[in-house]
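J.: Each chain, written out:
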Amino acid sequence: MNVTIVDYNSGNISSVINSFKEVAKDKVNIEVTSDLNKIKSSDKVVLPGQGSFKSCVDALNNINGLVDTLNEFAVSNKKPLLGICVGLQMFADIGYEETETKGLGWISGKVSKIDNQNGKFKLPHIGWNEINITKNSKIFNNIENKSHMYFVHSYEFVPEDKNVISATTDYSSNIVCSVEKENIFGTQFHPEKSDKIGLKIIDNFINL
Amino acid sequence: MLKNRIIPCLDVKNGRVVKGINFVDLQDAGDPVEQAKIYSDGGADEICFLDITASNENRDTIYDVVEKTSKKCFVPLTVGGGVRSVDDINKLLNCGADKVSINTAAVQNSEVVAESSKKFGSQCIVVAIDAKKNADKWEIFTHGGRNNTGIDAIEFASKMESSGAGELLVTSMDRDGTQVGYDIELMSKISSKVNIPVIASGGVGNLDHLVDGIKLGNASAVLAASIFHYGKHSVKEAKEYLDSKGIPVRI
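Each protein sequence line maps, in turn, to chains C and V.
The opening residue of the first sequence carries number 1 in this note's numbering; numbering runs sequentially from there.
The opening residue of the second sequence carries number 1001 in this note's numbering; numbering runs sequentially from there.
Worth flagging that the hints you see were computed from the coordinates, not collected in a lab.
One thing to keep in mind: the hints can contain errors.
To be verified - Mimicking SDA-like on lysine to any residue, the simulated pairs with C-alpha atoms at most 25 Å apart in a straight line are:
| hint | chain 1 | residue 1 | chain 2 | residue 2 |
| --- | --- | --- | --- | --- |
| 1 | C | Lys102 | C | Asp35 |
| 2 | C | Lys135 | C | Asn174 |
| 3 | C | Lys120 | V | Lys1159 |
| 4 | V | Lys1119 | C | Asn18 |
| 5 | V | Lys1071 | C | Asn9 |
| 6 | V | Lys1072 | C | Asp7 |
| 7 | V | Lys1215 | C | Ile94 |
| 8 | C | Lys102 | C | Val67 |
| 9 | C | Lys113 | V | Ser1192 |
| 10 | C | Lys21 | V | Lys1118 |
| 11 | C | Lys21 | V | Glu1067 |
| 12 | V | Lys1215 | C | Lys21 |
| 13 | C | Lys54 | C | Ser172 |
| 14 | C | Lys54 | V | Glu1115 |
| 15 | C | Lys25 | V | Lys1068 |
| 16 | V | Lys1118 | C | Lys25 |
| 17 | C | Lys54 | V | Val1086 |
| 18 | V | Lys1159 | C | Asn116 |
| 19 | V | Lys1193 | C | Gln117 |
| 20 | V | Lys1119 | C | Lys196 |
| 21 | C | Lys54 | V | Thr1053 |
| 22 | V | Lys1159 | C | Lys196 |
| 23 | V | Lys1193 | C | Ser154 |
| 24 | C | Lys25 | V | Lys1072 |
| 25 | V | Lys1068 | V | Thr1053 |
| 26 | V | Lys1159 | V | Gly1082 |
| 27 | V | Lys1068 | C | Ile114 |
| 28 | V | Lys1118 | C | Lys200 |
| 29 | V | Lys1118 | C | Lys135 |
| 30 | V | Lys1133 | V | Glu1115 |
| 31 | C | Lys200 | V | Gly1042 |
| 32 | C | Lys120 | V | Ser1188 |
| 33 | V | Lys1215 | C | Ser172 |
| 34 | C | Lys196 | V | Glu1240 |
| 35 | C | Lys135 | V | Lys1215 |
As the list claims (entries may be wrong) - Covered stretches of chain V, going by a simulated chain C footprint (3 or more residues, C-beta under 8 Å):
| hint | stretch |
| --- | --- |
| 36 | 1006-1013 |
| 37 | 1143-1155 |
| 38 | 1193-1199 |
| 39 | 1221-1232 |
Glycine included, each C-beta is placed from N, C-alpha and C at the ideal position.
Using the sequences provided together with the hints, build the complete structure.
T.: Take a look at the structure:
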């Protein structure tokens, strides 16, 4: 099996690579590439993302044909895709970080700044927070409710259809931190930085 | 609920741990990779390396350490010490660091903070503020605490927030190494001034100091070196103690 981590200059992805390689060992081949043919032929795709919504969307668009290839992979062919952090946020129709920017539009909704209640809550939301699992997502197989995951973000994904939400976390408000829509999975937290429990989520995705 | 973080810090010089954990069963007590792994297995919420390599020819040793550690530890790794430029930050991130802390360079030129947070995201830019009390204010020190800049630490904290820092690592130079506790007044003044998380550092001698850093200093995270290094307390003990005092921690 081939799992491709999309390398599109979205910032630091070495931790994502390390964690997937740790879980995959020699059983699964982990590719790190922006090569369209390799993405097309892979079994699963991971879409990481760091920095701002705008910078990640711009970086995707900078690689000719990448968005079309991802659309074909995830929307037409319905193959499993995992978005992490801004990778998940880009599923939305629109994001408001820096400036209004169009997302991939895979899951209807918007990405807006977390309401910090007039400075009562620090932003970014950094650190370990518990997740409330709200539906039986395949990537949460053998993951206990209220497990701790590592978060770093100031913006949140607000999907229109609440049925796609698979987990939330409590901060200044109840924040969507994981979604599942058919073959499309996303986590706002960083499984690659969430210790053994995070590696288990990666393992679940690889073994889908 | 977001948990308060406990961050053990390892001083690394020429690729070796200077003040290390005093564990008898360690195969190589000076190996930062092995020590970081012990911390992460013990429940550390993040790991911090402070590179105190003085000579330029040995500077590259930290990259090797970071690369090896990031393949074994799957909690966030912060690396600081000697970070001068956007290029240095890029190299550390590529080796597997999740965050980079900038000290002297941020004071000399805040553009480094602005440029790097724009380029890599503010989530990976930590500004390290070393401050010392002088009369009724705190002044910023650079170059590992050797140079007094006269800059007001609280105003500087605010400036770094506007420049794009994701977190502030605040060290009291008066308290560092004394084991008498954090400078609570400094921590709480900075924490109430900025809206980004503050990591308290410098002076921890016992577990109550960690409690004070969070409860009185309003720090989001507490960093300590010696109490963990010399086996006085494990990270697990620290967490259980904080928990018993009603502080939310990841256990």
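J.: All the hints need checking, so say for each whether the structure fits it.
T.: Evaluated hints:
no.: 1; hint: Lys102/C <-> Asp35/C; result: holds (23 Å)
no.: 2; hint: Lys135/C <-> Asn174/C; result: holds (16 Å)
no.: 3; hint: Lys120/C <-> Lys1159/V; result: holds (20 Å)
no.: 4; hint: Lys1119/V <-> Asn18/C; result: holds (22 Å)
no.: 5; hint: Lys1071/V <-> Asn9/C; result: holds (21 Å)
no.: 6; hint: Lys1072/V <-> Asp7/C; result: holds (22 Å)
no.: 7; hint: Lys1215/V <-> Ile94/C; result: violated (39 Å)
no.: 8; hint: Lys102/C <-> Val67/C; result: holds (12 Å)
no.: 9; hint: Lys113/C <-> Ser1192/V; result: holds (21 Å)
no.: 10; hint: Lys21/C <-> Lys1118/V; result: violated (29 Å)
no.: 11; hint: Lys21/C <-> Glu1067/V; result: holds (14 Å)
no.: 12; hint: Lys1215/V <-> Lys21/C; result: violated (40 Å)
no.: 13; hint: Lys54/C <-> Ser172/C; result: holds (24 Å)
no.: 14; hint: Lys54/C <-> Glu1115/V; result: holds (16 Å)
no.: 15; hint: Lys25/C <-> Lys1068/V; result: holds (16 Å)
no.: 16; hint: Lys1118/V <-> Lys25/C; result: violated (34 Å)
no.: 17; hint: Lys54/C <-> Val1086/V; result: holds (21 Å)
no.: 18; hint: Lys1159/V <-> Asn116/C; result: holds (20 Å)
no.: 19; hint: Lys1193/V <-> Gln117/C; result: holds (16 Å)
no.: 20; hint: Lys1119/V <-> Lys196/C; result: violated (30 Å)
no.: 21; hint: Lys54/C <-> Thr1053/V; result: violated (38 Å)
no.: 22; hint: Lys1159/V <-> Lys196/C; result: violated (37 Å)
no.: 23; hint: Lys1193/V <-> Ser154/C; result: holds (19 Å)
no.: 24; hint: Lys25/C <-> Lys1072/V; result: holds (13 Å)
no.: 25; hint: Lys1068/V <-> Thr1053/V; result: holds (18 Å)
no.: 26; hint: Lys1159/V <-> Gly1082/V; result: holds (21 Å)
no.: 27; hint: Lys1068/V <-> Ile114/C; result: violated (35 Å)
no.: 28; hint: Lys1118/V <-> Lys200/C; result: violated (32 Å)
no.: 29; hint: Lys1118/V <-> Lys135/C; result: violated (36 Å)
no.: 30; hint: Lys1133/V <-> Glu1115/V; result: violated (30 Å)
no.: 31; hint: Lys200/C <-> Gly1042/V; result: holds (18 Å)
no.: 32; hint: Lys120/C <-> Ser1188/V; result: holds (14 Å)
no.: 33; hint: Lys1215/V <-> Ser172/C; result: holds (19 Å)
no.: 34; hint: Lys196/C <-> Glu1240/V; result: holds (20 Å)
no.: 35; hint: Lys135/C <-> Lys1215/V; result: violated (36 Å)
no.: 36; hint: 1006-1013; result: violated (count 0)
no.: 37; hint: 1143-1155; result: violated (count 0)
no.: 38; hint: 1193-1199; result: holds (count 3)
no.: 39; hint: 1221-1232; result: violated (count 1)
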